[in-house]
Amino acid sequence: MERIGEEAANSVGFTLVEVLERRHGQPALLTMARTLLVRASVRSGFDWFFKAHADLPPLLEENTGESWPSFMAAYQAELDAAADRLAPALRELPTLRASLHVESTELGGDISYELSGMAAPAGRRCQLNHMPLPAYDLAASEGLKSQSIFWQPGEEHAAGRLRGQYQSGQRLLAAIDCPLPGLASAVRLAALRLEVP
Amino acid sequence: MLARLVRQELSKLLPWIWLLAALSVLPQIADLLWSAPDRAVWATSTFLFNSLRDYTGIAIFAVALLLCYSGFPRDSDDGTLSFVFSLPVPRAYIFLAKVIAPGLVLSGDVLLTELLQWACHLWNPTSFGGRTFRADWQGWVIALSLALSWIGVGYGQLLTVLRRFGLLLCFSFYSTLRLLERDVPWLRALDPARVLHVEFQGQRAIIPWTTLAAHALGALLACSLAACIWVGPVERIAASFARWARRPLLAGLVGLTFTGLGIALLMRVAGRPKAKPPVSYGHDSVQLDSTPVVLRTRHYELRYPKGLATRIELLATAADGLHEKLAERLGVGAGEHVVLVDFQRRSATHAGSATWNTIRMDPFMASDSELLERTFAHETTHVLSFQASDRRLSTEGDAVGFFSEGLAEALALELRPSEAASEALQLEAALAYRRLHPSFGELIHYANFRERHGPLLAYPLGFIWTRALLSSCGRDAPRHILAALGRADAPLKLPAEGLWQHLLQRAHCDIVRVNAAWESQLAAAASALAAEIERVPDLVGGTPRLAGDEVRVRARIEGAAPDGMVFSLAVRTRVEAEQRADAFFATPSSEGELEFLVPSNLAVEGMLQFQLGLRFERRGFPVHFARAWAKSRVAD
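Protein chains in written order, with our numbering: chain A, 1 to 197; chain B, 1001 to 1636.
Take these hints with a grain of salt, some might be off.
[Claimed, not checked] Some chain B residues near chain A, calculated using beta-carbon distances under 10 Å: (1) I1058; (2) W1137; (3) Q1138; (4) L1180; (5) Q1201; (6) T1257; (7) T1259; (8) P1438; (9) R1535; (10) P1537; (11) R1554; (12) F1610.
Worth flagging that the hints you see were computed from the coordinates, not collected in a lab. Built from N, CA and C at the ideal position, the CB exists for glycine as well.
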């Protein structure tokens, strides 16, 4: 989710469920969902080792008889087929790029960003998402802050910076999300874990 | 020869070795059995990121002392010391054996604990498989724990000369340190457990080399002195210490003297005049007749200084009415418990505080009778909601703490309405919404939320959330939530998100609906108050730089500062949810530059923790805004 953004991650999850239902039918899907979601929470090591330590791969095989590698291969094939089917529409989508850096200034660390790609006649409203991170790497969840970036109409480049919100020695996650014409959701163009020198 | 002596010492320590091994193994087994092992990761289970690291250090130090007591003092008390000295063995070897043996036992314990941590985390995909484990951090954890063990043994050898009085001295030292370290920050350096305080520059560990070297040297000196006393020409000193230390009256008198000295030092520090900020918060106190007076009503016992009689007697006439309305609102039987209200103490930070049957209020924080009644209603809401939830609104504070404050604000304003007070809260919430983007997920991890934002932000955000609850789920929703929380079968072990989902279902409502209303009310407030929010300058920067005995923290405001706006920098030396921060103030230059001067001893291991904030008044009510707490390296 951190790398591709929440909306794209939801899309991946949705298509996985869709493929699962198509291959094994709704009853098997619902049985598996119940096994996964209605089971008791892991409250102790005993639960974890003996009762509830059931990841998706073994559960899939148990409920549908299909192994995880086989299902993933089928999912990939479905994605490839969808990419072929939607190729004309995908070609219409502009390719956007974003880069993120952190710079030390007299007031602390600035996050600077540069966006490039096909100009949009009405401009684009992108988001710079950021949050402080601890020294260790865990998946970043709560606490993402946003700053709106307006990409001017007709411009192929946009740049800017978030000033002085992070200090020397701090780690942070920074990500750029932009909307694409033809897609209902924003696309994550870049996501980096940075450190203010 | 030395190896044989060490083996003999180790065999004497065998009961301790078994006990320590059991104390290392049992918590790991308990953790494995009673807590979800896939939630903890290796990094957060070490003292590097664990808030219990102070206690880890004290525990290592205490065990080192106990092991040292099994050395010379035990031989001396058992009368076997003269026999040991009569052996054809150099006395220095005897002393070394009694130093090495406890050191080896503690080192073994440290390594066993780390090995067990590894074993438990092998199964956790986010520990070794994820990126929370780093070999250099593991190296520092082991190296610093071992260093503290041997430092503890060094100091322990000297303290054991004083027998039980050594333990008393140690206890007095730690108690005094805890009391004084906030006012005299340099005292922290005397604590050997500070060796475990590691800061981080990004992912690079900053080791407290100066503290480590100073305590290593101190331990070596202490050990040398102990050697002189136990096996050197001054061994008779040890004998005389042993004689008087065995007299409880004498040892008690010396202990009392030291404790008295500590208290005297504390009083002197507490009585020292504090530097006055250019603009102060709160209201100045006035000298009043302090004779205590007790006034009883149907539901309260009010205790106040006689000088406040006019204000408190006026409040007392309204108190029972407020109590009964709130009790009805929260589903509590009125009059079940008489609430004790104390108006006799001052507070620098809180207008009031409450438990399930007591209230403590500082009447000087409320400038008029209306504000006093509103604060009283706020605290009474706390009391009654603690009772309605079987005190779980307090004990389960991490998940529901924000609601406790929000509910108290909302009901106090419902009973004593004030458009200006409500708008000030809305402006605070809208400012935070625009600039800090708070989420419900942050609020329901209340300790983390307060560590990150301080204690004030939960009030306006909780107030708007409670209003969203009332508008989405009806007037009785708080009563149902409190009753569900207080039930014996409330699923308190659920994660906070799950617990709230459960509580809202019990209130015949839905968490998604309430949170959507909350977001929408925050957005509406931000939109309605957009012009005012625009006028509040943004706070940028916060770069600390060492300048002599002070740290200069530079920041900037973006936008013009309206008259009367106060800019502050809060500084803390520990990460903790409770407000124990020192505040410093600065006036912006014509270019908007702010420079705060902070005593350099508030920087810990070259890092300064601070929070930039501002405060202004809107129609007589204070509005606060503060950036999240930050930690920055202090540049030279």
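Exercise for the section: Sort out which numbered hints this structure fails and list those numbers smallest first. Expected result: 1, 3, 4, 6, 7, 9 and 10
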